[in-house]
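Here the sequence shown is numbered in our numbering, starting from 1 and rising by one per residue.
Since the hints were made in silico from the structure, they are not lab data.
Mixed in with the good hints, there may be bad ones.
[Unchecked claim] No more than 27 angstroms apart at the CA atoms, straight line, and that leaves these computed lysine-lysine pairs for DSS-like:
1. Lys112 <-> Lys317
2. Lys320 <-> Lys112
3. Lys317 <-> Lys228
4. Lys31 <-> Lys284
5. Lys105 <-> Lys284
6. Lys229 <-> Lys102
[Said to hold, decoys possible] What follows is a list of derived Cβ distance ranges for each label pair:
7. Thr194 <-> Phe214: 34 to 44 angstroms
8. Gln321 <-> Asp145: 30 to 40 angstroms
9. Gly45 <-> Thr250: 20 to 30 angstroms
10. Arg211 <-> Lys260: 33 to 43 angstroms
11. Asn149 <-> Ala128: 41 to 51 angstroms
12. Thr327 <-> Lys31: 36 to 46 angstroms
13. Arg211 <-> Asp104: 50 to 60 angstroms
14. Arg211 <-> Pro313: 39 to 49 angstroms
15. Phe288 <-> Gly98: 22 to 32 angstroms
Where is the CB? At the ideal position from N, CA and C, for every residue including glycine.
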Amino acid sequence: MKGLMGRIAGGALAALIAIGGGAPAAHAAGKTLYLFNWQDYIGKGLIKKFEAYCGCKVVQTYYDSNSELEAKLRAGGDSQYDVVVPSSYYIPQLVQQGLIRKLDKATLPNFKNLLPRFRNVSYDPHDAYVVPYQWGTIVIGYNKDKIKNPPDSWAALFDPKYNSGYPFSMMKGSGRDLIGAACAYLGEGFACKTKAAWIKAAKLIETQVKRSNFSGFVDGDPTMQQLKKGVVAMGMTWSGSVAQCYADKTCLNIGWILPKEGSEAWVDNMAIPTHAPDPELAYKFINFILGAKEGAELSNFNMYPSPNAASIPYLDKAIKQELVTPTPAQMKRLSFLPALTPAQAISDPIGSDVVL
1 MKGLMGRIAG
11 GALAALIAIG
21 GGAPAAHAAG
31 KTLYLFNWQD
41 YIGKGLIKKF
51 EAYCGCKVVQ
61 TYYDSNSELE
71 AKLRAGGDSQ
81 YDVVVPSSYY
91 IPQLVQQGLI
101 RKLDKATLPN
111 FKNLLPRFRN
121 VSYDPHDAYV
131 VPYQWGTIVI
141 GYNKDKIKNP
151 PDSWAALFDP
161 KYNSGYPFSM
171 MKGSGRDLIG
181 AACAYLGEGF
191 ACKTKAAWIK
201 AAKLIETQVK
211 RSNFSGFVDG
221 DPTMQQLKKG
231 VVAMGMTWSG
241 SVAQCYADKT
251 CLNIGWILPK
261 EGSEAWVDNM
271 AIPTHAPDPE
281 LAYKFINFIL
291 GAKEGAELSN
301 FNMYPSPNAA
311 SIPYLDKAIK
321 QELVTPTPAQ
331 MKRLSFLPAL
341 TPAQAISDPI
351 GSDVVL
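Given only the sequences and the hints, what does the whole structure look like? Please build it.
Written out as C-alpha cells, the structure is:
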C-alpha cells in the first residue's frame, strides 16, 4: 500500500481499475434483456416471472464496484447492456460522461408507486435519469460473546479502548463508506463535504490499519461470513446482510449498531445506458420491478427495505424490523452520500488507495 498522504500532497490521485470479464455475447434471435448488476441482487424466481411477462430472455452479468461499472460503460458497455444498477452518489458522474440516458417517464406508469423520499433526490433532480431499486444502511456488526456492551457510536470501531484485542475489519468498496464513517466519528458528518475532512478521515484510517488487531478491508457481505466464522469480531456491513443472517438463524450471537453520529442511507438505482441495445425492453423491466408485488419480492429476497410504497403491504415481517427499515428517528441520522464533484473526486482515490 503506497503512502496515502504523500499521494494527496502530490495531487495526482488515480485509482487503478481492473476491468475483468468480457463483453456480453452477441444478441441471439429474439428479445434479450442484458442486465449488468451486483451479484445475487435479484432472485431467480423474479427473473423467470419477468421472462414470462415479456416473452424474452434475461442475461445477467456482474460487477463488484461502481468504478468497475463506470469503466465497463466507458469501454463500450453503454451499447452492450440494457439496464445497469449504479449507486446514488455515482449517478452525476455517469450523467456528465453521457453514459446513461434521460428517462421517458411516460413509459413508466408504475413510477407513481415510489415513496416521496426517493423522488427528486439530490443526486438525480427531477428524477431525470434513474429509478430506485433497493436501499439500506451501513451498520457495525459485532460478536456479542467477545465484545460486551459497545457504544452506539463509530467509536466502537475506531476507538481501541472498546476492542483492543479481537480482530476487526473495515469496509472496502469505493472507500466512500469508510471515509464517511471516519468523518462521522470525527464530527464532520457522514457526508464528509470538505477536502480537509477527508484528509483527517484518511489519517484516522491509516491509524486503524496499523493496529495489531486490524485484519483487513472487507466488503459488507463477506464481513458477515467472517463474523459467523469467528475470523473477525467486528466490522462494517450492510443492514440487509445482518438481517439475512438473522433470518437463516446462522449468527444469533451477532449484534449490530447504527451509530449515533450518523451513517449512510445508500440507494442503488436502475438506469439505461445511453446506447442500450433494447431501450423498450429496459423500460419494461424497470416498470416491472416498480410493480407492487414484484418490488416486494425483490426486497423479500434481498432483505432490504423497498423504495416502493405500493410494495409495503406485501413485505415480509422481517423487512419491517428496524434493522432493515429504520424508524423515523433513525432516519434523521442517515445521509444520502452527496455526488462527487470534480473538487470532491479526491474521496474515491483516497478510498481506493487505502484499500489497495
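Is it true that the CA of Lys320 sits at most 27 angstroms from the CA of Lys112?
-> Answer holds: Lys320 to Lys112 is near 22 angstroms, not above 27 angstroms.
Distance restraint evaluation - Arg211, Pro313, Cβ atoms, bounds 39 to 49 angstroms | About 47 angstroms separates the Cβ atoms of Arg211 and Pro313, which means 39 to 49 angstroms holds.
Just tell me: holds or violated, for the beta carbon distance of Gln321 and Asp145 against 30 to 40 angstroms?
-> violated, 22 angstroms
Hint says 20 to 30 angstroms; check whether the CB-CB distance for Gly45 and Thr250 agrees.
-> Holds: the Cβ-Cβ distance is about 22 angstroms, inside 20 to 30 angstroms.
Phe214 and Thr194 - C-beta distance against the hinted 34 to 44 angstroms | violated, 26 angstroms
Okay, Thr327 versus Lys31 on CB: inside 36 to 46 angstroms?
-> With a Cβ separation near 43 angstroms, Thr327 and Lys31 satisfy 36 to 46 angstroms, so the hint holds.
For the range 41 to 51 angstroms, tell me whether the beta carbons of Asn149 and Ala128 fit it or not.
-> For Ala128 against Asn149, whose Cβ atoms are near 47 angstroms apart, the range 41 to 51 angstroms holds.
If you draw a straight line from the CA of Lys31 to the CA of Lys284, is it 27 angstroms or shorter?
-> holds, 12 angstroms
Does the Cβ distance between Phe288 and Gly98 fall inside 22 to 32 angstroms?
-> Given range 22 to 32 angstroms: holds, Cβ gap about 26 angstroms.
Restraint status (C-alpha distance of Lys317 to Lys228 at most 27 angstroms) | holds, 24 angstroms
Restraint check for Lys229 with Lys102, where alpha carbons must lie at most 27 angstroms apart = Not OK: Lys229 and Lys102 at ~45 angstroms, beyond 27 angstroms, violated.
Okay, Arg211 versus Asp104 on CB: inside 50 to 60 angstroms?
-> holds, 52 angstroms
The structure fails to meet hints 6, 7, 8 and 10 from the earlier list, while all remaining hints are met.
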